[in-house]
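Protein chains: 4
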Amino acid sequence: MYVHETEYRVRYADTDQMGYMYYGNYARLYEIARVEAFRSLGYSYKEMEESGVLMPVYENHSRFIAPALYDEMLTIRTTLKVKPAVRSVFNYEIFNEKNVLIHTGETTLVFLRKDNNRLVAAPAALLLKLEPYFS
Amino acid sequence: MYVHETEYRVRYADTDQMGYMYYGNYARLYEIARVEAFRSLGYSYKEMEESGVLMPVYENHSRFIAPALYDEMLTIRTTLKVKPAVRSVFNYEIFNEKNVLIHTGETTLVFLRKDNNRLVAAPAALLLKLEPYFS
Amino acid sequence: MYVHETEYRVRYADTDQMGYMYYGNYARLYEIARVEAFRSLGYSYKEMEESGVLMPVYENHSRFIAPALYDEMLTIRTTLKVKPAVRSVFNYEIFNEKNVLIHTGETTLVFLRKDNNRLVAAPAALLLKLEPYFS
Amino acid sequence: MYVHETEYRVRYADTDQMGYMYYGNYARLYEIARVEAFRSLGYSYKEMEESGVLMPVYENHSRFIAPALYDEMLTIRTTLKVKPAVRSVFNYEIFNEKNVLIHTGETTLVFLRKDNNRLVAAPAALLLKLEPYFS
Numbered sequence: 010m011y012v013h014e015t016e017y018r019v020r021y022a023d024t025d026q027m028g029y030m031y032y033g034n035y036a037r038l039y040e041i042a043r044v045e046a047f048r049s050l051g052y053s054y055k056e057m058e059e060s061g062v063l064m065p066v067y068e069n070h071s072r073f074i075a076p077a078l079y080d081e082m083l084t085i086r087t088t089l090k091v092k093p094a095v096r097s098v099f100n101y102e103i104f105n106e107k108n109v110l111i112h113t114g115e116t117t118l119v120f121l122r123k124d125n126n127r128l129v130a131a132p133a134a135l136l137l138k139l140e141p142y143f144s
Numbered sequence: 010m011y012v013h014e015t016e017y018r019v020r021y022a023d024t025d026q027m028g029y030m031y032y033g034n035y036a037r038l039y040e041i042a043r044v045e046a047f048r049s050l051g052y053s054y055k056e057m058e059e060s061g062v063l064m065p066v067y068e069n070h071s072r073f074i075a076p077a078l079y080d081e082m083l084t085i086r087t088t089l090k091v092k093p094a095v096r097s098v099f100n101y102e103i104f105n106e107k108n109v110l111i112h113t114g115e116t117t118l119v120f121l122r123k124d125n126n127r128l129v130a131a132p133a134a135l136l137l138k139l140e141p142y143f144s
Numbered sequence: 010m011y012v013h014e015t016e017y018r019v020r021y022a023d024t025d026q027m028g029y030m031y032y033g034n035y036a037r038l039y040e041i042a043r044v045e046a047f048r049s050l051g052y053s054y055k056e057m058e059e060s061g062v063l064m065p066v067y068e069n070h071s072r073f074i075a076p077a078l079y080d081e082m083l084t085i086r087t088t089l090k091v092k093p094a095v096r097s098v099f100n101y102e103i104f105n106e107k108n109v110l111i112h113t114g115e116t117t118l119v120f121l122r123k124d125n126n127r128l129v130a131a132p133a134a135l136l137l138k139l140e141p142y143f144s
Numbered sequence: 010m011y012v013h014e015t016e017y018r019v020r021y022a023d024t025d026q027m028g029y030m031y032y033g034n035y036a037r038l039y040e041i042a043r044v045e046a047f048r049s050l051g052y053s054y055k056e057m058e059e060s061g062v063l064m065p066v067y068e069n070h071s072r073f074i075a076p077a078l079y080d081e082m083l084t085i086r087t088t089l090k091v092k093p094a095v096r097s098v099f100n101y102e103i104f105n106e107k108n109v110l111i112h113t114g115e116t117t118l119v120f121l122r123k124d125n126n127r128l129v130a131a132p133a134a135l136l137l138k139l140e141p142y143f144s
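Chains as they are written, first to last, in the working numbering: chain V, 10 to 144; chain R, 10 to 144; chain P, 10 to 144; chain U, 10 to 144.
Only chain V is shown next, with the shape it has when bound in the complex (with noise of 0.2 Å):
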């Protein structure tokens, strides 16, 4: 299992007129999430798309329990429960400013060859990274 925590502060292009962080725009921390947990891991996103591989998501599940408000500063626990294979899966806490969990999420990524459109298996660069925390 690998872990890895990252901070987001909710900004007035997030909020709503209900005072709260509209719900679409949870997705951009889930993404800020998985690309600092890869990149804690010694991981580049960006140069994983660079070799040609992508991660298109293919699932998203999100349970918004309490509202994120302007400017607090969120915590985000993001797990990887299982290691990736043909597609990688990422769950989501969301804690705020008084360590109350706030919402959940999950969601499935694959891996796909640029060139071809055709999925595949996660990197094995990645693969060797996650091992310490798989074994």
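What the hints contain is simulated information worked out from the structure, not anything from laboratory work. Be aware that one or more of the hints could be misleading.
Heads up, the list lumps identical chains together, so a pair's fine if it works in one copy or across two of them.
To be verified - Calculated pairs, DSBU-like style, for lysine-lysine (alpha carbon to alpha carbon, straight line, at most 30 Å):
no., residue 1, residue 2
1, Lys-55, Lys-123
2, Lys-123, Lys-107
3, Lys-55, Lys-107
4, Lys-107, Lys-138
5, Lys-92, Lys-138
6, Lys-123, Lys-90
7, Lys-107, Lys-90
8, Lys-138, Lys-123
9, Lys-55, Lys-138
Assemble the complex: chain V is given as a structure, and chains R, P and U must be docked to it using the hints.
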């Protein structure tokens, strides 16, 4: 059952560097679909808010079957399978210009009184408009 | 001179906690207005891109006279005062439902060849469509 | 004169299919830069709002010199050249990782009392924090 269709054209603002509509932007499409489904019933989401009832999203589930591409005119078919009570569940099927199903989604929203932040039942005026579709 | 009008309904996704359309979202409206102005001429921005010419924004100026509010149907009046050459300047006037001018904007875009990243003149096909309006 | 620097990493959510940061997303960067410039002074935009004063944007001017690319860590240098009075003018210079100036912007905001929707002078508490930089 109540079914409604809305069109949405994919904009540059919606795309990402993969050339797809960014996965977080489907939330905007769902929102448009819900509000226009209500409007076509003769029910205004805006007026509901002005009367003191909000509809925050509680849960969302999305499946990304194939990408939505720049400038495509999408059709969003919105279905209310069950009459709203304390919550309201919307199902969406999104079709591209070739009439291929590229995306499905399901959003659960609750009704909330603005003044005391408490959950309430669906407004009577909304239920009245939906009556013919659930009898 | 070429003038075109497009409508846009303000969505929850566009609002912020001030209850206004967020100032960054006007860029989306300008984009829609430009592309629809071209489409109404019988010219497709998408096809221009496919032919290898992009139109990145070089400069933008916006004046926020009064807020755009949730669910308002705005009218965006787009004007090309000068025939595009190496650059194209679009002017926008945005009116709310009461026909009050709430916003003005001006965007300068350039034409760029995708293959060599160099500036080019406006495509002949576009100029041909605009011909009747500038003679 | 008050100068402050903030970093921002370009996300997939920010990019468009041209592979650039979408031109509308710079507004988010300006917002972050302004609020963090205030925070570094010991002044909270959020608390100002809670005290009843809003800062809507009145005017914005942007120049897009070169694209911001995915995953780049940008530096936004924010400058207040003049002490805020009835309006506050922020200048931004955005540099990429190679320290190349890729973007400049200028935003004029006004101070507005929430209760009566009237323009007011800059709050005394803000001016006090800025005092050392303008004497």
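Q: Evaluate Lys-92 and Lys-138 at a C-alpha cut-off of 30 Å and name the case that applies: within, between, both or neither.
A: Result: close within a single copy only, 11 Å intra versus 49 Å inter.
Q. Using 30 Å as the alpha-carbon threshold, which applies to Lys-55 and Lys-138: within, between, both, or neither?
A. For Lys-55 and Lys-138, the Cα distance is within 30 Å only inside one copy (16 Å; across copies 41 Å).
Q.
Within a copy, between copies, both or neither: which one fits Lys-123 and Lys-90 at a CA-CA cutoff of 30 Å?
A. Answer is within; shortest intra-copy Cα gap is 27 Å, inter-copy 39 Å.
Q. How would you label the pair Lys-55, Lys-107 (within, between, both, or neither) given a Cα cut-off of 30 Å?
A. between (33 Å within a copy, 17 Å between copies)
Q: Measure nothing new, just compare the shortest in-copy and cross-copy C-alpha distances for Lys-138 and Lys-123 to 30 Å and report within, between, both or neither.
A: Within one copy only: 22 Å inside, 36 Å across.
Q: Could you place Lys-107 and Lys-138 in one of the four classes (within, between, both, neither) given a Cα distance threshold of 30 Å?
A: Answer is between; shortest inter-copy Cα gap is 28 Å, intra-copy 33 Å.
**Q.** Intra- versus inter-copy proximity for Lys-90 and Lys-107 (alpha-carbon distance at most 30 Å)
**A.** Result: close within a single copy only, 26 Å intra versus 37 Å inter.
Q: Can you give me the call for Lys-123 and Lys-107, within, between, both or neither, at a CA distance of at most 30 Å?
A: between (43 Å within a copy, 23 Å between copies)
Q | Copy assignment of Lys-55 with Lys-123, given that the CA separation must stay at most 30 Å | A | Result: close both inside a copy and across copies, 13 Å intra and 21 Å inter.
Comparing the model with each numbered hint stated earlier shows that all of them hold.
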